[in-house]
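Trainee: With these hints in hand, go ahead and build the complete structure from the sequences.
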Amino acid sequence: MFEECDTLVRNGTWELVPPDSSSNVVDCKWIFQIKRKSDGSIDKFKARLVAKGFNQRPGVDYFEMFSQVIKPTTVRLVLSIAISHNWCLRQLDINNAFLQGRLTETVFMAQPLGFIDSDHPTHVCKLKKAIYGLKHAPRAWYHELRQFLLAAGFKNSYADTSLFVLNTGGTILYLLIYVDDIILTGNNSAHVDRFVDTLAQRFSLKDIGPLSYFLGVEVLPHKHGALLSQRRYI
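Residues 1 to 234 in the UniProt record's numbering are what the sequence shown spells out, letter by letter.
The hints are simulated quantities; they were obtained by calculation from the structure and are not laboratory data. Treat the hints with care, as some may be off.
List time: in silico DSBU-like cross-link candidates among lysine-lysine, alpha-carbon distance up to 30 Å [to be verified]:
1. K206 with K35
2. K52 with K126
3. K206 with K52
4. K206 with K128
5. K52 with K35
6. K155 with K44
7. K126 with K29
8. K71 with K135
9. K44 with K71
10. K46 with K71
11. K135 with K206
12. K128 with K35
13. K37 with K135
14. K29 with K128
15. K71 with K52
16. K155 with K128
17. K206 with K223
18. K206 with K29
19. K46 with K155
20. K155 with K126
21. K37 with K223
22. K35 with K71
23. K46 with K135
24. K126 with K46
25. K135 with K35
26. K52 with K135
27. K46 with K128
28. K135 with K44
29. K29 with K44
30. K29 with K223
31. K223 with K71
32. K44 with K128
33. K46 with K29
Here are the simulated distance ranges between beta carbons [stated by the list, open to error]:
34. I34 with K155: 35 to 41 Å
35. K155 with R194: 16 to 22 Å
36. A152 with R76: 36 to 42 Å
37. C5 with G216: 50 to 56 Å
Model, not experiment: these values are computed from the prediction. Every residue gets a Cβ at the ideal spot worked out from N, C-alpha and C, and that includes glycine.
Mentor: Right under this line is the structure:
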């Protein structure tokens, strides 16, 4: 809980302001999760602060909330291309992804339980960035990442808007997004490494390394390609 709250404060997620009786104040709560590895064993315990998005008012606290995620067919297609050409498949995880999205709407949230500011106990949090639980948090994060990728020279696929393609000077990179999980592949492993470094300069991320587990599917190397498995669900 302390680590989560410190991350939110360092990220500049909110500023404390006096309450306004005419404004809607969204409540928040702590969620406790058990993160598991691909084999089902426990990886770590995690506490996450989430806003009670069901308190938000449409047309006031948010407008659009739809956010794209990669299609399963696109994942299989890109994996087929990468494996058939013996390209590297890199897996990345963006830390606290939703906290990166900037808000254009004005949203107020109650101070988190257990971390109420002793100097301003009646103040509320005016959100400057998105937080988990907000109805439009996924959309805000997607647009933040999309703008970064477009500025880096990627093109957004028309067939699947969670697929981004960089094709320049004989180098091809494919980047797939599912919320905060990313698959990156291409015909130039050195360029893949450089772009991972570029991405890490903008967003805090975890470089998981070679693709091994994505959306509940294990990716197991095989002498003739790769084997996709969901054995933990059997």
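Trainee: If a hint holds in the structure, say so; if it doesn't, say that too.
Mentor: Hint check:
Distance check on the hinted pair: K206 and K35 sit about 15 Å apart at the alpha-carbon level, within 30 Å; holds. Annotation: proposed proximity of K52 to K126 holds, straight-line Cα distance about 15 Å (limit 30 Å). Restraint check for K206 and K52: satisfied, since their Cα atoms lie roughly 28 Å apart, inside the 30 Å limit. In summary, the hint linking K206 to K128 is supported, as the alpha carbons are separated by about 24 Å, within the 30 Å threshold.
Taken as a hint, the K52 and K35 pair is honoured in the structure, with Cα atoms around 22 Å apart against an allowance of 30 Å. For the proposed pair K155 and K44, the alpha carbon gap of about 36 Å is over 30 Å, so the pair is violated. Annotation: proposed proximity of K126 to K29 holds, straight-line Cα distance about 16 Å (limit 30 Å). A threshold of 30 Å between alpha carbons decides the hint, and for K71 with K135 the separation of about 21 Å falls inside it, so the pair holds.
At roughly 28 Å between alpha-carbon atoms, K44 and K71 fall within 30 Å of each other, so this suggested pair holds. Restraint check for K46 and K71: the C-alpha separation of about 28 Å stays at or below 30 Å, so the hint holds. Between K135 and K206 the alpha-carbon distance is near 25 Å, which keeps this suggested pair within the 30 Å criterion. Restraint check for K128 and K35: satisfied, since their Cα atoms lie roughly 28 Å apart, inside the 30 Å limit.
As the CA atoms of K37 and K135 are separated by approximately 28 Å, the hinted pair is consistent with the 30 Å bound. As the CA atoms of K29 and K128 are separated by approximately 18 Å, the hinted pair is consistent with the 30 Å bound. For the given pair, K71 sits about 28 Å from K52 by alpha-carbon distance, which is consistent with the 30 Å threshold. In summary, the hint linking K155 to K128 is supported, as the alpha carbons are separated by about 28 Å, within the 30 Å threshold.
Straight-line distance between C-alpha atoms of K206 and K223 comes to about 28 Å, which keeps the hinted pair within the 30 Å bound. Only pairs whose Cα atoms come within 30 Å are accepted, and K206 paired with K29 is accepted, the gap being roughly 26 Å. About 35 Å separates the Cα atoms of K46 and K155, which puts this hinted pair outside 30 Å; it is violated. Distance hint between K155 and K126 is unfulfilled; the C-alpha atoms sit about 34 Å from each other, more than 30 Å.
At most 30 Å may separate the alpha-carbon atoms for a hinted pair to count; K37 and K223 meet this at roughly 24 Å. Straight-line distance between C-alpha atoms of K35 and K71 comes to about 24 Å, which keeps the hinted pair within the 30 Å bound. Distance restraint check for K46 and K135: the Cα-Cα separation of roughly 22 Å lies within the 30 Å cut-off, and the hinted pair is therefore satisfied. A C-alpha spacing of about 25 Å is found between K126 and K46, which places the hinted pair at or below 30 Å, so the restraint holds.
Distance hint between K135 and K35 is fulfilled; the C-alpha atoms sit about 23 Å from each other, no more than 30 Å. A threshold of 30 Å between alpha carbons decides the hint, and for K52 with K135 the separation of about 9 Å falls inside it, so the pair holds. For a cut-off of 30 Å, the pair hint linking K46 to K128 stands: about 24 Å separates their Cα positions. The straight-line distance between the Cα atoms of K135 and K44 is roughly 27 Å, inside the 30 Å bound, and the hint therefore holds.
Taking the CA atoms of K29 and K44, the gap is near 20 Å; set against the 30 Å cutoff, the hint holds. Distance hint between K29 and K223 is unfulfilled; the C-alpha atoms sit about 48 Å from each other, more than 30 Å. Proximity of K223 to K71 is assessed by CA-CA distance (about 27 Å); at most 30 Å being required, the pair is judged to hold. Distance restraint check for K44 and K128: the Cα-Cα separation of roughly 29 Å lies within the 30 Å cut-off, and the hinted pair is therefore satisfied.
For the hint linking K46 to K29, the alpha-carbon distance of about 14 Å falls within 30 Å, and the restraint holds. Between I34 and K155 the Cβ separation comes to about 39 Å, which falls inside the hinted range of 35 to 41 Å. Under the hint 16 to 22 Å, the C-beta atoms of K155 and R194, about 18 Å apart, fit the expected range. The hinted window of 36 to 42 Å between A152 and R76 is violated, with their beta carbons roughly 25 Å apart.
Between C5 and G216 the beta carbons are some 30 Å apart, a value that contradicts the proposed interval 50 to 56 Å.
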